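There are 2 protein chains.
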Amino acid sequence: MLDVILNHRSIRKYKSNPISPELLNNILEAGTRASNTGNMQAYSIIVSQAKDVREKLWEVHFKQNMVLQAPVTLTFCADFNRFSQWCLQRKASPGFDNFLSFINAAIDALLASQNVAIEAEANGLGICYLGTTTYNADKIIDILKLPQGVVPVTTLVVGYPDETPGLTDRLPLNAVIHHEVYQEYSPEAIDRFFDEKDNSDFTRKLLEINNKETLAQIFTDNRYTKKDNEFFSKAYLEVIKKQGFMNQ
Amino acid sequence: MLDVILNHRSIRKYKSNPISPELLNNILEAGTRASNTGNMQAYSIIVSQAKDVREKLWEVHFKQNMVLQAPVTLTFCADFNRFSQWCLQRKASPGFDNFLSFINAAIDALLASQNVAIEAEANGLGICYLGTTTYNADKIIDILKLPQGVVPVTTLVVGYPDETPGLTDRLPLNAVIHHEVYQEYSPEAIDRFFDEKDNSDFTRKLLEINNKETLAQIFTDNRYTKKDNEFFSKAYLEVIKKQGFMNQ
Chain W
332 MLDVILNHRS
342 IRKYKSNPIS
352 PELLNNILEA
362 GTRASNTGNM
372 QAYSIIVSQA
382 KDVREKLWEV
392 HFKQNMVLQA
402 PVTLTFCADF
412 NRFSQWCLQR
422 KASPGFDNFL
432 SFINAAIDAL
442 LASQNVAIEA
452 EANGLGICYL
462 GTTTYNADKI
472 IDILKLPQGV
482 VPVTTLVVGY
492 PDETPGLTDR
502 LPLNAVIHHE
512 VYQEYSPEAI
522 DRFFDEKDNS
532 DFTRKLLEIN
542 NKETLAQIFT
552 DNRYTKKDNE
562 FFSKAYLEVI
572 KKQGFMNQ
Chain F
332 MLDVILNHRS
342 IRKYKSNPIS
352 PELLNNILEA
362 GTRASNTGNM
372 QAYSIIVSQA
382 KDVREKLWEV
392 HFKQNMVLQA
402 PVTLTFCADF
412 NRFSQWCLQR
422 KASPGFDNFL
432 SFINAAIDAL
442 LASQNVAIEA
452 EANGLGICYL
462 GTTTYNADKI
472 IDILKLPQGV
482 VPVTTLVVGY
492 PDETPGLTDR
502 LPLNAVIHHE
512 VYQEYSPEAI
522 DRFFDEKDNS
532 DFTRKLLEIN
542 NKETLAQIFT
552 DNRYTKKDNE
562 FFSKAYLEVI
572 KKQGFMNQ
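From first to last, the protein sequence lines stand for chains W and F.
Note that this note's numbering gives residue 360 to position 29 of the first sequence, counting from 1, and the numbers run on in steps of one.
Note that this note's numbering gives residue 537 to position 206 of the second sequence, counting from 1, and the numbers run on in steps of one.
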């Protein structure tokens with residue numbers, strides 16, 4: 332396996348060293364080489380380096396310190412604004428104000444983001460994805476002045492690592508792979524696939540700290556509650572609509 | 332830039348050579364090393380190699396020949412079925428039947444797919460993404476027997492290339508990058524950024540063949556019409572609901 336893929340870790344502590352403009356350009360250019368829908372490149376990348384902008388982003392990304400520490404924040408957006416504007420200037424009537432176009436544009440943005448992540452890591456940089464992008468998308472739109480046709484999908488913080496965490500565990504490959512068609516999971520298969528995760532030392536400590544009986548309860552009661560998921564579902568759907576992607 | 336990123340081309344003609352099980356496992360394992368939401372790995376990859384399954388997939392992917400030629404089709408699905416089943420077996424109440432969870436799971440699936448694509452190309456394989464996955468998701472669900480909590484998001488065909496196409500053009504980097512906050516595009520900026528695309532020899536031939544005045548019209552009138560986009564928007568939203576991701 333490519334070393335850069337095998338050795339990926341999310342980095343949550345960064346040195347203050349800046350990223351040179353040449354290197355930054357290089358990793359962004361790598362993003363643009365990814366596959367995209369019909370070569371429309373229906374995405375934009377907002378490169379935030381100024382302290383005041385990163386401080387505002389830090390607030391809406393649940394004040395995770397790495398957003399302040401890392402010198403660069405990259406917000407990957409689904410963007411049909413640019414392409415539609417081109418169509419209008421070329422006697423063509425764009426029809427991208429709908430959900431399928433949002434999904435296609437989000438796919439473009441995400442494939443570009445993973446290329447950027449890999450190229451960054453290949454050059455000694457560390458990265459971390461911010462899942463909070465979809466949570467507070469409305470506030471990110473205000474901070475980054477995103478116009479109609481543009482919705483933030485994910486964010487990468489990028490910088491030089493100030494920690495060397497171990498590899499994160501993964502489910503056995505067989506747990507996520509299905510041959511030919513989907514194979515339903517028997518209760519025994521679930522037990523087997525999650526055994527390592529359920530019974531690791533790390534999990535045991537986590538259960539003690541959180542005073543929970545099972546790791547799954549930490550996910551459902553603390554980290555990803557039904558209530559929060561529902562609240563942010565409504566908010567993100569509202570954002571998609573407000574930015575003009577729900578006309579179908 | 333990493334050669335594998337710089338040299339990416341989508342491959343649309345494949346040799347019939349099979350992919351060895353070891354290499355296939357390697358590229359799938361590379362997928363699992365990608366970042367994902369809270370390490371829940373909310374995705375599944377359906378590996379279709381049997382001819383009858385690939386023939387059915389070929390039908391719903393608009394009969395693109397590469398689906399029949401390439402020995403392996405990988406369908407990347409947003410999947411909260413496995414994780415929710417684990418929660419239920421661990422005295423926890425999963426709350427992932429909502430739109431935010433679908434988006435998070437789709438992000439997981441897409442980052443994994445791009446790792447698979449890069450690892451495949453690094454090993455001499457060719458790949459092509461099938462955007463048609465979101466168009467006929469309902470039919471893919473039937474073919475691959477996807478249960479509640481599972482939605483197809485993208486597909487890769489993978490095999491040994493039987494063509495060596497040139498690099499595809501991209502917009503200048505400045506067209507997709509914004510510094511600090513989003514910069515609106517002036518009409519002149521759009522003209523400048525799309526100049527190469529508008530005026531290439533390839534575009535000129537395309538305009539002749541399609542009897543159109545501008546390239547943009549080929550996108551809006553032939554390839555991605557408002558009518559089709561709206562039809563498939565409704566269909567995909569319906570699929571997301573039917574698979575249980577619209578309870579918020």
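Keep in mind that a hint or two might mislead.
Since copy identity is lost for identical chains, a pair holds within one copy or between any two.
Here are the computed lysine-lysine pairs in the DSSO-like style, where the Cα-Cα straight-line distance is at most 27 angstroms [as the list claims (entries may be wrong)]: (1) Lys558 to Lys344; (2) Lys344 to Lys394; (3) Lys422 to Lys528; (4) Lys528 to Lys387; (5) Lys422 to Lys543; (6) Lys422 to Lys558.
Just so you know, these hints were derived from the structure itself, not from any lab.
Bear in mind that the values here come from a model prediction, so they are computed numbers and not experimental data.
How the hints compare with the structure:
1. Lys558 to Lys344: neither (30 angstroms within a copy, 48 angstroms between copies)
2. Lys344 to Lys394: within (14 angstroms within a copy, 48 angstroms between copies)
3. Lys422 to Lys528: between (57 angstroms within a copy, 16 angstroms between copies)
4. Lys528 to Lys387: Neither, since 36 angstroms and 37 angstroms both go past 27 angstroms.
5. Lys422 to Lys543: Between. Shortest inter-copy distance 10 angstroms satisfies the 27 angstroms Cα cut-off; intra-copy 62 angstroms does not.
6. Lys422 to Lys558: between (47 angstroms within a copy, 18 angstroms between copies)
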